[in-house]
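Trainee: Sequence:
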Amino acid sequence: MTEMTEMTAMTVRKKKACARARKALRAFWAVRRAALRTDGGMSTVEYALGMLTAAGVAALLYKVMTGGAVSGALESLVTKALDAPF
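The letter at position 75 of the sequence shown is residue 75 when you use the numbering used here, and the numbering goes up by one with no holes.
No lab work stands behind these hints: they were computed from the structure. Incorrect hints may have been included.
[What the hints assert, rightly or not] With beta-carbon atoms standing in for the labels, derived distance ranges:
| hint | residue 1 | residue 2 | range |
| --- | --- | --- | --- |
| 1 | ALA59 | ALA27 | 48 to 56 Å |
| 2 | ALA59 | ALA21 | 29 to 37 Å |
| 3 | VAL78 | LEU52 | 29 to 37 Å |
| 4 | LEU60 | ALA24 | 38 to 46 Å |
| 5 | MET51 | ARG13 | 41 to 49 Å |
| 6 | ALA21 | LEU60 | 53 to 61 Å |
| 7 | MET10 | VAL31 | 29 to 37 Å |
| 8 | ALA48 | LEU74 | 29 to 37 Å |
| 9 | ALA27 | ALA48 | 34 to 42 Å |
| 10 | GLY67 | ARG32 | 45 to 53 Å |
| 11 | ARG33 | LEU61 | 40 to 48 Å |
| 12 | TYR62 | LEU82 | 20 to 28 Å |
| 13 | ALA9 | ARG37 | 41 to 49 Å |
| 14 | VAL57 | ALA34 | 31 to 39 Å |
Yeah, the Cβ is synthetic: ideal placement off N, Cα and C, and Gly gets one too.
Taking the hints into account, I'd like the entire structure generated from these sequences.
Mentor: So, in structure tokens, the structure goes:
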């Protein structure tokens, strides 16, 4: 083979190798994107944090509702409603 033919053959091999690498890379990223799109719901940690937050909000609401001012206001409201003339 001549030197020019060898260079041409090497260039063709390099182009084919690059094309294979690009194809493999596209397939790799396609799989990764598909995996990111398939979120089936909350994970265990997310579920635990959600439950902890809900329990905290419930405890705060209970504390506010059983406090003196709110309890007195609710009791007053119920008493007025029951004592209303018909």
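Trainee: Would you mind marking each hint as holding or not holding in the structure?
Mentor: How the hints compare with the structure:
1. ALA59 - ALA27: 48 to 56 Å: holds, 51 Å
2. ALA59 - ALA21: 29 to 37 Å: violated, 57 Å
3. VAL78 - LEU52: 29 to 37 Å: Distance hint for VAL78, LEU52 holds at roughly 33 Å.
4. LEU60 - ALA24: 38 to 46 Å: violated, 54 Å
5. MET51 - ARG13: 41 to 49 Å: Violated, since MET51 and ARG13 (Cβ atoms, about 59 Å apart) do not stay within the stated range.
6. ALA21 - LEU60: 53 to 61 Å: holds, 57 Å
7. MET10 - VAL31: 29 to 37 Å: For VAL31 against MET10, whose Cβ atoms are near 32 Å apart, the range 29 to 37 Å holds.
8. ALA48 - LEU74: 29 to 37 Å: holds, 33 Å
9. ALA27 - ALA48: 34 to 42 Å: holds, 36 Å
10. GLY67 - ARG32: 45 to 53 Å: holds, 52 Å
11. ARG33 - LEU61: 40 to 48 Å: Cβ of ARG33 to Cβ of LEU61: about 42 Å, so the range 40 to 48 Å holds.
12. TYR62 - LEU82: 20 to 28 Å: At roughly 24 Å between Cβ atoms, LEU82 and TYR62 fall inside 20 to 28 Å, so the hint holds.
13. ALA9 - ARG37: 41 to 49 Å: Cβ of ALA9 to Cβ of ARG37: about 43 Å, so the range 41 to 49 Å holds.
14. VAL57 - ALA34: 31 to 39 Å: 36 Å Cβ-Cβ, so the 31 to 39 Å window holds.
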